[in-house]
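Participant: Chain residues, written in single-letter form:
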Amino acid sequence: MIAYTALLLFIIGIFCLMRVGVKTDKILSVGVFFSVSAVFLDFLSGLQRQSAQVFSFVWNSAPSGDIKFDIVSNYYNYELILPFFLLTLITIGNNAFVRYEERKNVYNALLLFNVTALMMMVTSNNFVQLLSMLFIVDILAAFVGKKIRALKEYSIANMVADMMIFMVLAVINGRVDSLDMREILNYKSTGRYLNFITVIGLTAVLIKFGIFIFQFGIISLRRLRLHRLQSIMFLFSPAAALVLLLKFSALWSASPYFNIYLNAACIFTLLWGMLGLVISSSLRGKMIYMQMMFWGVFIELLRFSGFVWNSSFTALMMCFYLFSSSIYLIYVCANREDSFFQITKSRFCSGLCAFLPLLIQTVTVAITADLLEKIYNNSNRYYIWSFAVLFVLGLSNMAHQTYFNGEQNTKQHRTESHKYFVYALLPLVMMIYMICNINIQSAVVWGFTASFLALTYVNPLTETSRLYEVKYLQKMASESVAYGTAFNNILQYVGRLLWLLIDWKLLEKFIIGTTIVMLQRLIRIFRSIHSVFVGRILFAVIAIAGILLFAEFTGGKN
Amino acid sequence: MPDLLMIMFLLPLIGCLFAMLAPKNTGNAFNVAIFTMSAELLMILLLFSKIGDDETATRHIMQTYDWINVLNLKISFGINSFSLIILLGVYLALIIGLAGLAEQMRKNKSLMLVMLYFVWTMTGFFIADDIVSFYIFYAAMLLPMFMLSGLFGYDRNTLPVSRFFMYNFCGVFCLLAAMAFLYRFYHGNILLENIAFIDMNKRIGIAVWLMSCFAFISRIPVWPFHYWFSSVNYGVKNPLVYIVGNMLPLTGLYAMIRFWPLCVPESVELLVPFIEILSILTMIFIALIGFANKEFLYKLFSYNTVYYMLFLLAVILPTDTLKMNIAYSLFIFMIVGASLVVLDIKMEEKNVGNNGNYHGMLAYMPKFAKVLSFFVLIAIGLPISSFFWSNFVLISALFAQNVVIGTFVVLAICLVATSLINELYDMHIQSSSVNQYSGVTDLSNTEVMFWMSVISLLLLSFFDPMWFVF
Amino acid sequence: MLENFIYGMPWLILLLGIFSVPLFSYFSKSNTLPWHVTEFFVLASFFFEVVFYNKPINKQFFAADYYTLLFSCVIYVCALSLLLLARRWHSSMSTSGTLYCEGLLVGILSGNILIDVTNFAFVPFLLCGLMLGNYLIFRHSDNKKGSSFGFVYALSCFVCGIILILCSVALGLDNGSLQYTDIEQYLLINNSSSAAYILVLLLVFCFVFILGAAPLHFWYTETLGQTILPVMAYFTLFPPIVIFSVWNRFNMTMFMPFHTQVGIIYGAIALLSMFGGALGACSVVNIRKIISYGSMYHFGMMILLMQNFKSGDIVNLTIYLLVFLLATYGIMVSLFGLKSKGEYLFMLNDLSGAARKKPYVSAMITAYLFSLVGFPPFLGFIGLFNSVHNLVINNHPYMLFMILGTTAVLVFAYLQIIRTLYFARGNTVFDRTERGIYAVMLFNALLMLSVSLKPEWLIANIKFMTEGTLG
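Residue numbers (my numbering), protein chains in the order written: chain W, 1 to 558; chain V, 1 to 470; chain P, 1 to 471.
Treat each hint with caution, since some may be false.
[What the hints assert, rightly or not] Each computed SDA-like pair below joins lysine to any residue, with the alpha-carbon atoms no more than 25 angstroms apart: (1) W:K68 - V:A400; (2) V:K74 - V:P224; (3) W:K188 - V:N25; (4) P:K339 - P:A445; (5) W:K68 - V:V272; (6) P:K357 - V:K294; (7) P:K454 - V:M6; (8) P:K463 - V:I68; (9) W:K509 - V:L278; (10) P:K310 - V:K323; (11) V:K237 - V:N351; (12) P:K357 - P:K454; (13) V:K350 - V:R106; (14) V:K346 - V:K323; (15) V:K202 - P:I393; (16) V:K294 - V:A369; (17) P:K463 - V:Q401; (18) P:K339 - V:L151; (19) V:K294 - W:E552; (20) P:K310 - W:K68; (21) V:K346 - V:P224; (22) W:K471 - W:F268; (23) P:K357 - V:T26; (24) V:K294 - V:R106; (25) W:K509 - V:P224.
Source of the hints: derived by calculation from the structure; they are not laboratory data.
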């Protein structure tokens with residue numbers, strides 16, 4: 001039962017928050033890994049049972065009905081939770097055995113809380129539960145990030161996206177007068193503004209994925225440590241966005257704008273991702289752009305399959321996680337050097353360290369090809385082909401620059417190579433499992449793998465390495481997209497302008513100022529009349545005459 | 001139960017007496033204030049235990065006092081869960097304000113005296129059931145507010161406070177005139193619940209409702225009157241003063257809730273679009289100005305204004321089922337607003353000599369940073385307190401009524417939230433220049449304990465906003 | 001005859017006081033003796049007034065009912081309170097107050113008779129008597145300050161007196177009887193006569209002049225700011241009691257036939273006084289002038305309450321008047337408590353930051369000022385509420401906006417005082433406030449507080465004593 005799994009993970013998470021010494025922390029983190037593995041195995045057994053169970057209690061009441069806390073355990077939810085749980089387990093494993101974090105268990109706790117929240121999101125039947133968990137995932141992401149400067153734009157982007165989802169749910173709730181998620185389909189028949197909520201909701205989801213043109217949040221994460229960046233990009237806001245997309249696709253797809261908007265965003269993302277991957281000289285940048293490409297393809301593939309989750313998508317996610325792990329390995333091999341330009345100058349072509357990334361990349365390509373072949377059909381063929389070509393080109397370019405450029409450097413990595421092996425253990429296990437499931441006889445798989453290796457050696461995009469020296473391009477690729485800042489600036493200017501024109505000029509200077517000046521003038525006139533005795537007498541005479549005349553004209557006779 | 005109500009009503013006055021008798025320049029008056037406020041909290045909890053968490057809008061009238069028989073003027077006091085929970089929020093906010101006072105201010109007898117007088121007027125206002133007593137306390141609270149702002153709020157010119165007072169006086173006078181009309185048509189004092197049923201001709205009805213609405217809206221920083229509030233709130237050095245100033249809109253809103261009839265008369269219907277347009281304009285306008293302003297205090301003002309507008313829009317919705325949600329939201333809103341102000345002013349106190357720029361300061365105060373971050377997260381409506389889902393219910397109701405209004409409301413909320421988050425991050429991000437905060441002291445353990453208890457209170461509200469009712 | 005003599009005891013005692021005070025003053029070197037003598041005569045007169053409250057000296061010319069009792073009592077209490085303050089002022093200055101006592105006694109006597117009188121033949125002389133009392137008090141101030149306001153005032157009074165006497169003679173010759181009721185009948189018949197209208201106007205403006213309301217405030221506001229404190233207290237408190245009591249009676253009798261035109265004139269005078277008072281209060285930095293202008297505003301408010309010529313309005317007016325008297329007296333007492341190096345302070349600058357050194361005095365001033373503008377929970381709220389309610393009942397809603405505008409300006413002026421007392425920083429060294437002043441302040445505050453808690457006591461009694469007694 002998912003409720004049971006979630007509870008166990010939450011308890012382990014709480015346990016992880018205990019303050020202990022560094023050595024104990026290390027030992028405990030291994031214990032945590034094994035505990036979570038045990039829970040995972042239990043979860044897998046639940047997956048195989050395929051029986052639906054619901055855990056539910058009334059949390060609070062609202063005018064639109066009870067706010068319920070539901071955990072629905074059915075096969076679909078198990079399937080959907082599986083990749084998140086698995087990736088969390090791998091990350092916890094890496095954290096336990098490789099030098100990821102100083103305080104390993106705090107990081108573990110955040111990951112566990114996050115996966116619990118994702119589970120709650122997946123299994124929710126209630127708007128408030130869904131929203132709460134969505135926000136919690138983002139809060140946890142902010143804690144995982146740790147490096148405040150990097151998180152600012154990402155957090156703001158996510159918060160804006162969350163508010164958009166908040167708005168969409170509020171509109172639906174306002175119309176159907178129910179907090180039940182199952183009622184959203186009724187909105188199609190009763191509710192107006194379907195296009196509005198589709199565009200808003202989809203924009204929010206795209207922001208959370210970091211898809212073109214909303215990538216500024218994700219790009220701002222470039223300052224994070226690589227493993228944190230990797231976790232955030234797979235397990236936090238994009239994961240939450242994925243759940244949202246799957247939950248709301250049934251409603252949104254009724255809008256004609258949905259497909260157009262999503263398709264356009266994914267295609268541009270793919271192109272932009274490819275461009276960024278080639279241009280960016282930062283390893284983190286490359287990882288981010290690679291991820292952009294991945295989510296672009298992934299969403300598009302989901303669309304082709306009618307937003308129904310299946311094990312192929314889990315496999316694809318795993319595949320890309322492994323690929324991003326290969327980038328992490330390159331990073332470690334290069335003595336944690338972020339500049340890819342520097343990496344190209346120093347070659348890593350011997351030893352376990354250098355072997356692992358290439359192996360992972362090659363196998364990843366093979367697995368991806370296999371998955372693409374499975375998903376391939378007439379309607380998506382152009383998209384899949386173009387993705388495949390771009391993917392192989394981009395990867396081979398990166399692999400070539402890593403292995404065939406610069407001087408050989410063998411000093412640093414040998415001393416730490418055993419750690420890399422430990423690091424690669426879990427991905428390798430996963431790879432072996434997937435290799436067993438690959439259609440070995442497929443020409444597409446072999447063709448792709450061979451093309452990748454050939455292109456890695458030849459590299460038709462050799463000249464692109466010159467782009468690493470173009471400062472302007474690098475700045476563009478690595479910093480937040482200009483419009484993120486521009487939007488912020490525009491709002492600030494508008495705010496200042498409003499303050500200046502309305503608050504200061506209109507209210508303070510004109511209205512209040514004029515009133516005060518008028519009052520002051522009146523007082524001055526009054527003062528000048530009353531300062532001399534004759535003035536006072538004159539005032540009396542004139543006023544009496546005025547009063548009498550006024551009475552005469554307005555009063556009439558009795 | 002009536003005795004409890006009267007004790008609650010009179011306690012601040014007794015506190016005033018004790019504070020007056022306390023010796024100068026000692027903490028005695030402060031202790032009296034804290035003790036009085038704690039006793040008030042206890043009274044509220046006792047009252048809650050008597051009426052239970054009855055979430056209906058029915059008021060339990062408990063005390064009637066023949067004030068002027070010849071004018072058929074009876075004063076009635078009563079209470080319900082709705083008023084009690086807001087009053088509880090007010091008391092807690094004031095206690096937070098008291099706790100946030102600087103050591104020197106705690107020894108100020110006059111401050112405590114005026115504060116307790118303010119508490120008395122607020123208590124009277126929330127338990128008033130008839131129009132005369134309601135008016136009396138509605139107007140009476142202006143004096144302590146004026147004295148607090150003028151005496152303890154600023155180091156500079158106090159002219160804005162006078163202007164602010166005059167502006168509020170106009171509102172109060174309008175309510176007096178409206179009251180006189182109602183008095184004329186009812187031939188005596190009238191319970192607030194019955195106002196909607198008074199038979200007035202259309203012109204008089206419009207006039208009365210216009211005057212009442214102006215009276216209440218004058219307390220809420222609606223554009224273009226927001227200027228008075230911002231000028232008073234801007235640059236306040238004393239957290240208690242800011243909190244008191246921030247309670248004035250609450251009184252306007254509460255008055256609106258009490259006056260606004262369930263079945264809106266024809267004369268009132270005319271006002272609804274104007275109030276809606278003004279509220280939306282104000283929200284967007286203030287949110288943008290807050291976004292552009294560099295002062296955290298101004299950002300807080302903008303945040304408060306936007307939320308007050310949201311509540312105002314919720315109040316004028318033609319439904320009675322949202323009242324408790326408004327109360328839950330207001331309860332959290334008061335506490336969070338007070339906490340943020342106290343923390344901000346504390347930060348300014350620690351940052352003397354740095355030209356008001358405290359960017360990066362939180363990096364040197366980890367405990368402070370955690371507490372402040374937590375309150376900011378609650379303030380922007382993340383699911384940590386009942387503020388989150390109460391607001392969700394309110395905004396849903398707005399969307400059900402009018403999608404355009406709902407969209408603008410979310411936009412404004414989004415703007416102020418972004419503004420606060422932005423500022424919070426700036427406070428965290430260490431500047432690359434010379435480290436000017438290395439000597440800054442973090443929160444003491446006692447302070448951390450205090451803030452943790454406030455945070456626990458808010459956290460528990462997430463699970464049940466009335467968790468303290470047994 | 002003996003009976004009438006006994007009923008006339010209050011006036012006779014006052015008359016005796018008028019003659020004996022100069023004698024005591026002449027033969028005694030003590031500065032305090034004239035005060036004690038005056039207090040004795042006033043108290044004795046008060047005693048007889050209360051005892052024989054329903055016994056007129058002559059039923060044809062004088063009335064004796066609850067209305068006269070109420071206003072006579074107010075006059076006596078006010079006079080005694082003024083004497084209490086003035087004695088303290090003079091004893092602290094070590095100067096003689098014979099002229100002040102004399103003026104006060106003349107004022108009490110004239111005022112008392114004016115309240116009772118029902119025949120117009122006495123009115124010009126009694127008003128002249130009241131003005132004489134006022135003049136004597138002005139002279140007293142001139143002697144102390146070396147100014148010459150008394151002369152201006154005397155000249156104005158002389159003109160006023162002559163006009164009144166001429167009117168009285170003309171009216172007597174034309175009508176035969178000068179009883180109020182007879183004049184009412186006469187005016188009712190001749191209500192289109194310009195002469196009759198002019199007579200009414202003359203009387204109205206005469207009242208306005210004695211009160212110091214606009215537009216005939218030329219002698220009042222500016223002058224009072226420069227007089228000594230007891231004189232200012234007298235002019236702010238005493239004449240309004242007399243004038244409004246008489247004016248009410250005239251409204252219910254003689255002025256009734258012209259109520260439409262006169263009502264409009266009242267409205268105009270009221271608004272002018274309120275605007276003038278509020279603006280004037282804002283334009284000065286002398287606390288006494290601010291209070292005087294403020295009083296002018298309140299006179300305007302009271303005149304506004306009379307414009308409907310309804311007997312019920314007298315209750316509202318009386319309530320407003322009493323609240324005004326209590327609050328203004330409270331301010332006067334508080335001003336007595338603000339002294340520096342033997343001098344009573346009156347410029348706002350000198351009072352900067354007074355609240356730090358004189359917290360109780362400042363608090364009292366604040367409370368009374370707020371009471372004057374009708375702010376709850378202070379007593380003034382009752383007065384303002386009654387006034388506003390009165391305007392609503394009598395269908396003058398537009399007047400509400402006038403009141404709002406003027407009151408807002410006046411509030412600003414009062415806030416100026418409070419800001420100076422509390423928010424400004426100053427280095428004035430204040431003298432120790434006498435315990436007597438604190439005692440009076442406390443008593444006044446308790447009185448205000450008790451009435452605020454149970455206004456029933458005040459309103460019911462006033463209603464009982466005034467409603468229906470004048471017609």
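Participant: Which earlier hints can't be squared with this structure?
Facilitator: Checked against the structure, the hints that fail are numbers 2, 3, 5, 6, 10, 12, 14, 17, 19, 20, 21, 24, while the rest are satisfied.
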